[in-house]
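K.L.:
For this one, chain L is given, so just place chain H on it according to the hints.
Now for the letters of each chain:
2 protein chains.
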Amino acid sequence: MNAEIISVGTELTLGEITNTNARFLADQLRQFDIHNYWQTTVDDQKERIVTAIRQAKQRAQLIFICGGLGPTADDVTMASVAQALNTDLVLDDMYWATVQDDFRQRHLTLSPENIRQAYYLKGGQALTNPVGLALGSIFSDHDHTYVVLPGPPREFQAMVTQSLRPHLEKLTSGRTIMNRVLHFVGYPESTLMDDIQKVMGTQTKVIATSYVQPDETQVRLTVFDCPMDVAQQRLDQAEEQIVSELGSYYFGSGEGLTLASQVVKHLKQLGMTISAAESLTAGLFQSTICSVPGASEVFTGGFVTYATEMKTKLLGIPEELINEHSVVSGEVAGAMAQHSRQLTGANLGIGFTGVAGPDGLAGHPVGEVWIGIANGQQTITKQLHLSQQMGRQAIRQQSVQRGLLAIEHLLKSLN
Amino acid sequence: MNAEIISVGTELTLGEITNTNARFLADQLRQFDIHNYWQTTVDDQKERIVTAIRQAKQRAQLIFICGGLGPTADDVTMASVAQALNTDLVLDDMYWATVQDDFRQRHLTLSPENIRQAYYLKGGQALTNPVGLALGSIFSDHDHTYVVLPGPPREFQAMVTQSLRPHLEKLTSGRTIMNRVLHFVGYPESTLMDDIQKVMGTQTKVIATSYVQPDETQVRLTVFDCPMDVAQQRLDQAEEQIVSELGSYYFGSGEGLTLASQVVKHLKQLGMTISAAESLTAGLFQSTICSVPGASEVFTGGFVTYATEMKTKLLGIPEELINEHSVVSGEVAGAMAQHSRQLTGANLGIGFTGVAGPDGLAGHPVGEVWIGIANGQQTITKQLHLSQQMGRQAIRQQSVQRGLLAIEHLLKSLN
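Chains as they are written, first to last, in the working numbering: chain L, 144 to 558; chain H, 144 to 558.
It should be emphasised that the hints constitute simulated quantities derived from the structure, not laboratory data. Among the hints, erroneous ones may be present.
Copies of the same chain look alike in the list, so a pair counts if it works inside one copy or between any two.
Straight line, CA to CA, 30 angstroms or less: simulated DSSO-like cross-link-like pairs of lysine-lysine [said to hold, decoys possible]:
no., residue 1, residue 2
1, Lys-456, Lys-348
2, Lys-265, Lys-525
3, Lys-341, Lys-265
4, Lys-456, Lys-408
5, Lys-200, Lys-189
6, Lys-555, Lys-189
7, Lys-555, Lys-341
8, Lys-408, Lys-189
9, Lys-200, Lys-265
10, Lys-555, Lys-411
11, Lys-265, Lys-408
12, Lys-200, Lys-555
13, Lys-313, Lys-348
14, Lys-200, Lys-313
15, Lys-525, Lys-408
16, Lys-348, Lys-525
17, Lys-411, Lys-525
18, Lys-265, Lys-313
19, Lys-313, Lys-411
20, Lys-341, Lys-200
Please read all numbers here as calculations on a predicted model, not as lab measurements.
Here chain L stands alone, though its shape is the one from the complex (with noise of 0.2 angstroms):
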């Protein structure tokens, strides 16, 4: 099956905003192996928007128009929707009047025009809105369907995940698709897919693709047209045969994970707390791990160390033993680490030394990083050699992934 995607509003083609939107649902579709070949955006204006979808029309069998139910007069899509199909807008009456019940109950103002928001095709059906006011539509004559979805991607979102998708699994007509999103980091983008192909060798069942972000690779496995308890074998089989081969580069499986969230969960898990001193992250690390919602279970401080002489002052690292070794090497970053711990009284502590660049420091280039971890027993370091290319920012959180990687494995080790 064919998709085309027309994005409107006069925001997208003006450029005021990025449109995330047709990216988000080209993924989406990908999983239920429909085809996008085609994508439109038009500015709020009803008969581009109508010519758009005529033309689309001409090419795929599912057309979704997304973007401008807003209240007010300019949000002219779902009128320009109906008119391109011939037919008219009808009110959810009952999905009105549950509107101004709530907010009534709530003492919250409604203006009278979000009315305009509770029509839909008629002929079709409403498709909820979990997160908004705009109800969407769907429409289907003899050979296309028609979804109308709001533009805010907050709205945007839940409404494919969870009001559109049962509609997909219906026209995809009962095609058994299953997914598994494997996430990696510090992994060479330009080798990860090739390496995976190699080791899921003549598994062709499993299509594996990728999706490269700034701060992790995630690569989805999805099998299509088998019964569910087969599918799900298939997944969990090409899942072990990557990790066994690039396990040192993967922290977990699901939608939605981030590694800092797994690194705080399994901190929880175990009942231990982390510090940290940083010198060329500069709290990128802790502020990491406090993005997390809870965080305040795991970790209760630490220490930015930017200059040398605050290693020594704020951590109380001998300044012969910074002298000795030089301030970026593994031992220095252990000595952050070990004493971050003591400091705290945590049970983890870790340590980043390095060169973010612009310019190399004390003889060494930048993109050397020393990542160090001490947990009262021992001391691990570990040397990073990132590319100048990359730039100081990406340089900087590629350590502090690199870090929570080295954590996650040394919990994993742990349970």
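P.N.:
Below, chain H without anything else, positioned relative to chain L:
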């Protein structure tokens, strides 16, 4: 003049990456008063690229085709454009010779396939690529101009701003256009533009548009069709009017400016250093300062005191003070600022305490934040009431930006 943007790439239609190029280019076009109402995205497939170009030609005079200029066989954009325009491709011999020489001198291997990236549209011109190998091309016939640009955002942006802009100036036949970007933090997005319109009043010769980013709101002032000195004067006047009304949220003007880089620059100019103690922000302030190259001149180190006990243990803040005023208070934020300043020997100290959520803390609601700033003579404190709706991460980020803004205003008063 109307323009259309055609983006080419299977990675776009598969939803693997977000199309940031279309937004970037649309924003640039707006600066030249070139209208964009229609954008198309297709995969790397010749027929669809040709169709997209032929459709765009019906509606616009200026057509951009972006992406698919790589060296491999699936990069078919340049050939597809040639087909749509009934022209051929020609090799830029001189460019290709330069590239070969350059690679030889740097002892790098150049794949023979890279020659594909040295072709441009016959009858048109090559567009130089300041940061990559692929040439772009610009081609004009009687009614239309076609521009071919590479896909990787870094190359795309460099090419648009360096190679394309002179052509756009010519195409818009020398209309004088002048821009200025003003930067704001902490202003409720929804009312900023309303207030700016009110401030500018009848000043209709200056067009103001806004662009919201996670850590700031940018307002671009644009003036068309007047001599340079008049344009300059109009921009100066508009900026002055806006800053006199909304100055408490303003931190500077210019392309590529960030609040952190402003603060670091002004600290350097005054020969001052800063330290920090962070609770809810947990290192994000210090990490943001150190995202600026050369931050080591103004920042040596500081503390993350996430748990209440760490404010006593690491900073030496008396328990009684915390118990008397609550850990979320101006008194504690001020003490954090003072103690971090004293312990590190910095000129300034800043303290952050507050509630990032998801739950309230010690009777304080999510979004209540206190910032303290100490300079040795005095300590100032500031309370923020951020919306719980923003979520944990945005509350932490916004706290950091508001702290930076308070320091920026303090430094300005010292200058």
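K.L.:
A separate judgement is required for each hint: does it hold in the structure or not?
P.N.:
A quick look at each hint next to the structure:
| no. | hint | in the structure |
| --- | --- | --- |
| 1 | Lys-456 with Lys-348 | neither (59 angstroms within a copy, 57 angstroms between copies) |
| 2 | Lys-265 with Lys-525 | neither (63 angstroms within a copy, 54 angstroms between copies) |
| 3 | Lys-341 with Lys-265 | neither (51 angstroms within a copy, 42 angstroms between copies) |
| 4 | Lys-456 with Lys-408 | between (33 angstroms within a copy, 26 angstroms between copies) |
| 5 | Lys-200 with Lys-189 | both (17 angstroms within a copy, 20 angstroms between copies) |
| 6 | Lys-555 with Lys-189 | neither (57 angstroms within a copy, 50 angstroms between copies) |
| 7 | Lys-555 with Lys-341 | within (27 angstroms within a copy, 60 angstroms between copies) |
| 8 | Lys-408 with Lys-189 | neither (50 angstroms within a copy, 49 angstroms between copies) |
| 9 | Lys-200 with Lys-265 | within (19 angstroms within a copy, 35 angstroms between copies) |
| 10 | Lys-555 with Lys-411 | within (13 angstroms within a copy, 45 angstroms between copies) |
| 11 | Lys-265 with Lys-408 | neither (48 angstroms within a copy, 60 angstroms between copies) |
| 12 | Lys-200 with Lys-555 | neither (52 angstroms within a copy, 59 angstroms between copies) |
| 13 | Lys-313 with Lys-348 | within (22 angstroms within a copy, 55 angstroms between copies) |
| 14 | Lys-200 with Lys-313 | within (20 angstroms within a copy, 39 angstroms between copies) |
| 15 | Lys-525 with Lys-408 | within (23 angstroms within a copy, 34 angstroms between copies) |
| 16 | Lys-348 with Lys-525 | neither (38 angstroms within a copy, 60 angstroms between copies) |
| 17 | Lys-411 with Lys-525 | within (24 angstroms within a copy, 34 angstroms between copies) |
| 18 | Lys-265 with Lys-313 | within (21 angstroms within a copy, 50 angstroms between copies) |
| 19 | Lys-313 with Lys-411 | neither (41 angstroms within a copy, 63 angstroms between copies) |
| 20 | Lys-341 with Lys-200 | neither (40 angstroms within a copy, 45 angstroms between copies) |
Checked against the numbered hints above, the structure breaks hints 1, 2, 3, 6, 8, 11, 12, 16, 19, 20 and satisfies the rest.
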